[in-house]
Amino acid sequence: MNGVSVKEADIAVLPQDNAGSEEKRLGFWLTLPAQCLVLFIAVFPILMQLYISMTDWSPLDGIPWYRAYELWIGFINYTDLASDSRFWAAMWRTFLVMIVCVPIQFLLGLGLAVLFVDEFPGKRWFYSTLLIPMMVVPAVAGYMFFLLFQSGGPVNDLLSLFSASPVKIAWLSDPSLALVAVMAADIWQWTPLMFLILLAGMISVPQDQQMAAVLLGASWGRRFFTIVLPRMKTIIIIALAIRTIEIFKIFDTLYIMTGGGPGVATETISVYIYKVTQQDLIWGYVAAIALAILIVLSVISAIAISRMSKGANAR
Amino acid sequence: MRRSLPFEFLRYAMILLIIAISLVPTLWMLSMAFKPIAEWSASGAALTWWPENPTLDNFRFIFGQSSSELIVSLERTAARPIVASLLAAIVGTLIAMTAGTAAAYGLSRFGKGNNLPLALIQLRLFPPMAVMIPLMIMWSFLGLIDNWFGLAVVYGIVTLPFAFWLMKTFFDDMPREIEDAALVEGCTRLRVFAVITLPMMRPALASSALFVFIMNWSDYLIALLLTTRDWVTIPVYMTSLSSSMTGQLYGAKAALGLIAAIPPVILGIAIQKHLVRGLTFGALKE
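So the protein sequences, as listed, match chains F and D. Heads up: the first sequence begins at 1388 in the working numbering, then just goes up one per residue. Heads up: the second sequence begins at 8 in the working numbering, then just goes up one per residue.
Calculated from the structure, these hints are not laboratory results. Glycine residues also receive a C-beta, built at the ideal position from the N, C-alpha and C atoms. Mixed in with the good hints, there may be bad ones.
Claimed, not checked - Which residues of chain D face chain F? A few of them, derived with a C-beta cut under 8 Å, are:
1. Thr105
2. Phe117
3. Leu142
4. Ile144
5. Leu197
6. Tyr227
7. Leu228
8. Ile276
9. Gln279
10. Leu286
As the list claims (entries may be wrong) - Between beta-carbon pairs, the in silico distance windows are:
11. D/Ser247 x F/Leu1447: 19 to 27 Å
12. F/Lys1510 x D/Ile203: 36 to 44 Å
13. D/Thr84 x F/Leu1546: 35 to 43 Å
14. F/Gln1596 x D/Phe70: 53 to 61 Å
15. D/Gln72 x F/Asp1667: 34 to 42 Å
16. D/Ile276 x F/Val1567: 28 to 36 Å
17. D/Asn60 x F/Gln1666: 36 to 44 Å
For reference, chain D alone in the conformation it holds in the complex (with noise of 0.2 Å):
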């Protein structure tokens, strides 16, 4: 529909506007990391609003390399977080997708009066808090606590249901008639499905793998309750940072901050296009 100029010069004023306030914080974070011990903002000095003298110590300091500033060393440096919240990660997506996946294509083609999906849906409402203490006194008794395994296997679990309702509704979207040739041709349902189905849906899978690894990605609670020290996952040690030194980090921990928040950044742009089905289980397809 034609709208006026005024109308278009207001609407550019007011996403600037949005978008400005919306960089703020990011932004700030993103300075903080480059800045030198000197500029952190200690409550007396003037505040710096973009690093006067960028610098990568704050990067060297968390990976171990003590600079001329930072006389304290960490005990342990954010590298074994790193590999901690990618293996929890990686593996929890593949459990995910492993179980969401056939359950989707089973329930899509043949499942009628099934209840699985509702009691996903439920899974999703449930504050995780809520069966934290089951659930921890199971791991301790399995051995899981403080275990990458055990994080992935509850990652895994928690976002089954993204997993699940995304490829159903990818499922549901693609056309019967490819598999039913391949029936009438004399294969077996299980056959169209490895041969035919999946291959078909590969960028499906690919998005909706996606997802879910941000969703795991993202997790500060579970990783909080159930690692203690060894496995500990990128946000939780980001926490242990200041409370174990003296003083705030503040440079630190912002740099090891941006080092979380840029993968989930980079990979949610490249799948805006399907966030929208995935965030409200499908009902919406965009």
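If we strip away everything but chain F, and leave its shape as in the complex, we get (with noise of 0.2 Å):
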């Protein structure tokens, strides 16, 4: 602190000078609990995972991590992995979740948007009891479709009052059904979250353009496709970004109504990997994929952000 005393009166003699390395010491100062907390969690655990993923070690091995070298193995657990059947399944279950549930839920926040553009008696209401679900803890929201899908659950009991017979179908003990069941959950979880960004979005564009081109006689329609959307392309990408990376890491809600099961039927990459890491317990391979993934993902990101930043520099 009295160091600052200083300052001050430095700072009374020399303002210009003295200004600028105090804010560069500030700056550094200020961003390094940050810094810290950063490298904790990335830089040195990625270098750990490196190392264990060279060998067969298991925390069952009675050797202590850093040991591990006694089991090396260099790169099988790698070639291991290409020719790992239920790990190139779970991606592709992931896959799956994926390419159903982010189309749906943009086109229903799309549409939920489109009803709470204007203002109307009652929005606000509206508006906050629609986004309850994205609120609910996912874990609660994964009891919650466990319950809906019983066989004797409130889902079974609609159905039966649509075809008028009782229906009993046990759907997330149905390896065919279960993903299905699994998708609802997300569905009903995170279209909130596409309504909310899509609708920020969509209000964000400027009126003016929308008037003239009622003035000139265009349809809704018309106006939609031509002005609105356009002018919201990058919410829009930003939107299915989002959901994208998150539907890559489904876990919670996913299992606690299925935990993967039946059998594999919804066992998705976290799934596959929690299950490798709590029963197999060979986190050696287990930190082989790990690494897998985060370098591919690292890949993904970068070209995606210098693509994204270069786009917002041109424009």
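These two chains come separately, so use the hints to put the complex back together.
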């Protein structure tokens, strides 16, 4: 704190020069805690991961992790990964959930945003109510859908109502239907997020051009597709990217609903990694899977971010 | 823009329909939480949409009081997991907000060409699953497994990107003139930050902290991997309820789910103005 009072005196004499170096120093100290945390969670663990992934180490072996070199196997974990059919099936299943859920969430969210874009009585209440699903703890949402899809649960009850004969589908223990139930839960929980982002984007589209188009007699559909949607391009990309990334990580809801089962019918990539970590305990192999995924994602995100910032500069 | 009457009617009809659908799962769990065991809908029994004999037994049960119908009593009650969830989420929020706010201010005012923002976005891209092995090894090395503080540190790091980006956009929005005036008066940068900027940012700090708290409170996976017994959080405890008991404890789990779900829903609605900003890393401000 002594340094501070000296600084005050300095500034009074030489405001220009001193302010510059002081700012630099302050900028460094202020960002230091965050930098350390990132280093702690990113750089060091990844190096450790690289090391473990070259070994056949497991916490059951009775040797500490730093002596894992005694079980050195080189790249064998990685070559195993290439021919691990359960891994690739989990990967495919994750993509399946992605390509089904993201478009449905997008279209529903966009439709809702259109309904909410201008003022009407009760808008605030409806808006808040619609956001509730995304605020529910995902694990709890998983339990909600677990209850809904029981064979004696409300979903079957409603279906019986419509089909006039009692429906007893065992959703969560049928390999071909369990994934549908999981997707329903994801769509229920995350459509509000799409809606929230798309609505914010839609509201921020300037009104003047739309007014001009109205005066020229353009139909609503024409205005929407030629003026509103193109203006929302960046926001749409952000919304789609957020959901795609989050679905790639899908775990909580799904794991509570089905535990990845029946069998491996709903085993996505996170569930697969979790199971190998907790049940099979071959951590050397898990490290290899995790690192491979990290590398692929880093490359993709680096390309995406550089393209997006280039696009932002061009505008 | 003026729209016709049929359009208005159609709009309300569609909104109400979607709201009805979107509330079913929540309401079903709500009704489950207040049902006595006889109405839990064992596969044979007819389904009741609303509890016919509403009861608080499920809530009493998870806090250790066995009722006439549920003779099983719990080895561990829900009280400790609730404390664990609160402790880990609150301390995690403090860590994220402290580091995030400092870094956000530093970069918003005098940080050009720093690559921390992008590093933080990348951090968010990665599935937490993918760094879990080293983390579990490190944490057991440091004795932080099954420890609320160990969990809080991970939460702090995981939500740091949100704290940082939210605060950065708030700092970017703040007019510089006030700070500049104080600087001319002879205040140091640090004093300006502590005495002028931070107090002005109180509402922004509050909503960012609530946002980060919701994120921490919602976690399941990290707690599942890093806690085993003494410091399990509510969602982990909830899943253990059925596996350790004979049969499913539908009502008890629903009661617990309700307790877990209420805080984020209330807080989330309170800060809904800033949700977009937080969720899109400040790319969009409403």
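The hints, checked one at a time:
For D/Thr105, the interface hint holds, the least distance from its beta-carbon to any beta-carbon of chain F being 7 Å, beneath 8 Å. Evaluation of the D/Phe117 hint against chain F yields a held restraint, the C-beta minimum of about 4 Å falling below 8 Å. Using the Cβ-Cβ criterion of 8 Å, the hint placing D/Leu142 at the interface with chain F is satisfied: the shortest such distance is roughly 6 Å. Satisfaction of the interface hint for D/Ile144 is found here, the shortest Cβ-Cβ separation to chain F being roughly 5 Å, below the 8 Å cut-off.
Hint status for D/Leu197: holds, given a least beta-carbon distance of 6 Å to chain F, under 8 Å. Because the smallest distance between the Cβ of D/Tyr227 and any Cβ of chain F comes to about 4 Å, under 8 Å, the interface hint for this residue holds. At about 5 Å, the closest approach between the beta carbon of D/Leu228 and any beta carbon in chain F falls short of 8 Å, and the interface hint on this residue holds. For D/Ile276, the interface hint holds, since its Cβ comes within 8 Å of a Cβ in chain F; the closest pair sits about 5 Å apart.
With its C-beta approaching chain F no nearer than about 6 Å, D/Gln279 sits inside the 8 Å limit, and its interface hint holds. Proximity of D/Leu286 to chain F holds as hinted, the smallest CB-CB distance being about 7 Å (cut-off 8 Å). Range check, D/Ser247 to F/Leu1447: about 23 Å between beta-carbon atoms, so the 19 to 27 Å window is met. Evaluation of the 36 to 44 Å hint for F/Lys1510 and D/Ile203 yields a pass: the beta carbon distance comes to about 37 Å.
Look at D/Thr84 against F/Leu1546: about 38 Å separates their beta carbons, and that is inside 35 to 43 Å. Taken as a hint, the range 53 to 61 Å holds for the pair F/Gln1596 and D/Phe70, whose Cβ atoms sit roughly 59 Å apart. About 40 Å separates the C-beta atoms of D/Gln72 and F/Asp1667, a value consistent with the hinted range of 34 to 42 Å. With their beta carbons about 30 Å apart, D/Ile276 and F/Val1567 fall inside the hinted range of 28 to 36 Å.
Range check, D/Asn60 to F/Gln1666: Cβ separation about 42 Å, and the 36 to 44 Å hint holds.
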